[in-house]
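Colleague: Here are the chains, one letter per residue:
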Amino acid sequence: MKLKLLIISILLISIGAFLGWLFGFPLKAPERKDFVIKARQYSYDPPKLDVNLGDTLHIKLVSLDVIHGFYLEGYDIDAEIKPNVKLFKVRQPSEGFNWKDTSEISIVVNKTGKSRYRCSHTCGNMHPFMQGEIIVHPNRLLHISIGVLIGFVVSILFIFYQLIKKMKRHE
Amino acid sequence: MNDDDKILTKETDNETFVQEPIGYNYDNNIEALISENTGYKNQNTSPFLISEPKGFKYDIFNKIPIIKKMAKSRYFQYALMVPNFFVFYVIIISGFIGTPIGNRNIAIVVLWILWWFILIALLVPLAARFWCTMCPLPIFGDFLQRFSFLKVRTGKTGYLRNKMFGLNKKWPKRFKNIWIPNFTFLTLCTFSAILVTRPFVTSIVLGSMVLIATFLAMIYRLRVFCGHICPVSGFIGLYSKTSTLELRSTNEEVCKKCKDKGCLRGNEKGWGCPWGEDMGVMKRNNYCGLCMECVKTCSNDNISLNIRSFSAETKIKGYDESWKGFIDVGTSHAYSLIYLGTNGTLKDWVNAPESGNWTGFFIYVVSLWALSLLIIPGIFYLLSYLTKAIAKVKTVSIKEIFKAYSYILLPVGLLAWMAFSFPLIFVNGSYILNVISDPLGWGWDLFGTAEVQWQPLIPEYLGYIQIFLLLLGLGYSIYRGFFIGQKLFNSAVIALKALIPFAVLASIIAVAFILFFIG
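If you read the sequences in order, they're chains S and H.
Our numbering puts the last residue of the first sequence at 171; the count rises by one with no breaks.
Our numbering puts the last residue of the second sequence at 519; the count rises by one with no breaks.
Note that these hints are calculated values from the structure, not bench results.
Heads up, a few of these hints could be off.
Stated by the list, open to error - Once the Cα atoms are required to be at most 25 Å apart in a straight line, the calculated DSS-like pairs of lysine-lysine come out as: (1) K165(S) <-> K392(H); (2) K2(S) <-> K165(S); (3) K388(H) <-> K168(S); (4) K156(H) <-> K57(H); (5) K269(H) <-> K2(S); (6) K257(H) <-> K168(S); (7) K173(H) <-> K315(H); (8) K166(S) <-> K497(H); (9) K86(S) <-> K33(S); (10) K72(H) <-> K2(S); (11) K256(H) <-> K168(S); (12) K169(H) <-> K4(S); (13) K283(H) <-> K165(S); (14) K4(S) <-> K111(S); (15) K89(S) <-> K100(S); (16) K165(S) <-> K388(H); (17) K166(S) <-> K256(H); (18) K151(H) <-> K169(H); (19) K156(H) <-> K257(H); (20) K269(H) <-> K169(H); (21) K497(H) <-> K2(S); (22) K269(H) <-> K315(H); (23) K168(S) <-> K497(H); (24) K72(H) <-> K256(H); (25) K33(S) <-> K2(S); (26) K392(H) <-> K168(S); (27) K165(S) <-> K54(H); (28) K63(H) <-> K166(S); (29) K257(H) <-> K4(S).
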């Protein structure tokens, strides 16, 4: 009985995960997308970039008030943006402090889901909470986790249902 | 009849009472269990019941005697409190004299990044109120009440057999709950964006808490501030119900026969419980500060420190506790939006002293308070109504359903707070290295880490940790919810039907957090 319930639960959760994974299809063809991200205390505009897997992003960075940072998780990019200056500094954190001046960052998004960009230069009181996000569709982690969650909840309820049924049979 | 012959209960308002019935064999007495949980015996429902797994128990004192020896020592609590006391006062002083830039001041970084994470992710889920054991806030109050750190004074103060100083008034019965902590917590959360980013505000709040704790200790008996005022205590107390640690009597029968009540009243070996708990009847973690006085004072050596299953304790006693659950769900959602979100307008609203957007701040305050105090409880009431309709049991009131099922918010709520706290430490943890070398932001470099570049730790994996935590919390909420329903309705069939609305609510809460974190 226990093994049977366990197998059914795993099956339900797997079905949830699979349906969540399917939700991400069909994939859209990659394309070039241009963004100008304006940083100000304590947010970015736009706060969220919706892109598709394989897109090439060309990002210009502007600061509207003080010096801000732009650390993009998962892409080894960190930038420092000074106000009223078209060029900004960029580096690859994995290679230390080798800053270069540039007017644009170009990246190919190769990971689905959410990547955050955060301010990496102390810019004021709420600095640690200044962030934006790139959502790379299909957001598989999101879809699969919601599928798993639904499968998980159904499997718990199903286990209780089966236990009650078994108890009634014994009666 | 002398004092020793009087029979006491944990209700310490009056000096003499009839003792509460204790020592039922709950495991074999479902009726007693139902009564214990709801004060109600259901006679018209199905007899089908699924037995709740007993869960894991490991008696630490029994298995590791050195820990019991340490707990019995009078040095125990102060060995934890005193180092904390020094850290705490460094924090307060740093807040006043250090840099006003939050992430460069040790006051903010240690308290709101390091301490917060340790409290939420480790201490509360694994060690209940162990923070209260070492909390330095009441140290002056304790001293002024006892006029001693290590020496125990015998004598008489009300029902206590310890000589206590101060006015020793009784705390009003109507405030013997966590309503005040509910409001103090919600107030602090309302101003959190100012509190957690301005070092001097943090210091003022902490300093005020010390003053209030000390002042109340001089007027009222025992640790009134800790039990019924402290904003953090209400939070810790409620979520300690889910914790894997408990301090309990080893054998209830021994307590039942005990007339000494050293745990409650104190004796020459230790002080009467500073939280007013009687170990003979204490079955919940809510008000156990783990100070270990009862381990010293129990004349029967009948106290156990147990590791137990997660969320093993499900009884919600009053609406104050239900509302605490609602407030915590409301504030954790708000925190996720403010601190992990990207909305600049919302950040301006909560940061009104800097942005000047006081209208936005007002909207935020009204929204947060309405969400926590009215909207979530309102939804919960509607679900209770729906559950009552589904259960079709006339003898269980909506109020009983509302109160009992509000426990469902605790496992998922605590794990959601943990999921919220992980990014704080993993993303901002490198600031800890900076402030260790330069605690005041004055340009020092004591250990060569002052200029370590900010670097988030495994940010791309945080989503997986958060999802795991949320699923775990959700699973426990639904699992415990079934047995809460079974105790309430005395029927597994009805419990399963009644669970569905609350399982849906808990799932929606978890999905909302998943959307915040990875959506």
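Colleague: Now look at each hint and say whether the structure bears it out.
Modeller: So, going through the hints one by one against the coordinates:
1. Between K165(S) and K392(H) the alpha-carbon distance is near 20 Å, which keeps this suggested pair within the 25 Å criterion.
2. Note on K2(S) and K165(S): the hinted pairing holds, with a Cα-Cα distance of about 14 Å set against a maximum of 25 Å.
3. This hinted pair checks out: K388(H) and K168(S) have alpha carbons roughly 23 Å apart, not beyond 25 Å.
4. Using a Cα cut-off of 25 Å, the hinted pair K156(H) and K57(H) is violated, with the two alpha carbons roughly 37 Å apart.
5. At most 25 Å may separate the alpha-carbon atoms for a hinted pair to count; K269(H) and K2(S) exceed this at roughly 51 Å.
6. Taking the CA atoms of K257(H) and K168(S), the gap is near 42 Å; set against the 25 Å cutoff, the hint is violated.
7. Between the alpha carbons of K173(H) and K315(H) the distance comes to roughly 21 Å, so the proposed pair stays at or under 25 Å and holds.
8. For the given pair, K166(S) sits about 17 Å from K497(H) by alpha-carbon distance, which is consistent with the 25 Å threshold.
9. Straight-line distance between C-alpha atoms of K86(S) and K33(S) comes to about 19 Å, which keeps the hinted pair within the 25 Å bound.
10. About 44 Å separates the Cα atoms of K72(H) and K2(S), which puts this hinted pair outside 25 Å; it is violated.
11. Straight-line distance between C-alpha atoms of K256(H) and K168(S) comes to about 39 Å, which puts the hinted pair past the 25 Å bound.
12. Distance check on the hinted pair: K169(H) and K4(S) sit about 61 Å apart at the alpha-carbon level, beyond 25 Å; violated.
13. Between K283(H) and K165(S), the direct Cα distance comes to roughly 33 Å. Violation of the 25 Å bound is thereby established for this hinted pair.
14. Proposed proximity of K4(S) and K111(S) is contradicted: the alpha carbons are some 37 Å apart, above 25 Å.
15. Restraint check: the Cα-Cα separation between K89(S) and K100(S) comes to about 5 Å, which is no more than 25 Å; the hinted pair holds.
16. Distance hint between K165(S) and K388(H) is fulfilled; the C-alpha atoms sit about 23 Å from each other, no more than 25 Å.
17. The hinted pair formed by K166(S) and K256(H) fails the criterion: a straight-line CA distance of about 39 Å is larger than 25 Å.
18. Taking the CA atoms of K151(H) and K169(H), the gap is about 23 Å. The hint holds against a cut of 25 Å.
19. Proposed proximity of K156(H) and K257(H) is supported: the alpha carbons are some 23 Å apart, at most 25 Å.
20. Of the supplied pair hints, the one linking K269(H) and K169(H) holds, its CA atoms being roughly 24 Å apart against a limit of 25 Å.
21. With a C-alpha separation of about 22 Å, the suggested pairing of K497(H) with K2(S) holds against the 25 Å cut-off.
22. Proposed proximity of K269(H) and K315(H) is contradicted: the alpha carbons are some 32 Å apart, above 25 Å.
23. For the hint pairing K168(S) with K497(H), the CA-to-CA distance comes to about 16 Å; that is within 25 Å, so the pair holds.
24. Between the alpha carbons of K72(H) and K256(H) the distance comes to roughly 23 Å, so the proposed pair stays at or under 25 Å and holds.
25. Between K33(S) and K2(S), the direct Cα distance comes to roughly 52 Å. Violation of the 25 Å bound is thereby established for this hinted pair.
26. Between K392(H) and K168(S), the direct Cα distance comes to roughly 20 Å. Compliance with the 25 Å bound is thereby established for this hinted pair.
27. At roughly 22 Å between alpha-carbon atoms, K165(S) and K54(H) fall within 25 Å of each other, so this suggested pair holds.
28. Of the pairs offered as hints, the one joining K63(H) and K166(S) is violated, with about 39 Å between alpha carbons and a cut-off of 25 Å exceeded.
29. Between the alpha carbons of K257(H) and K4(S) the distance comes to roughly 48 Å, so the proposed pair goes past 25 Å and is violated.
The earlier numbered hints that this structure contradicts are 4, 5, 6, 10, 11, 12, 13, 14, 17, 22, 25, 28 and 29.
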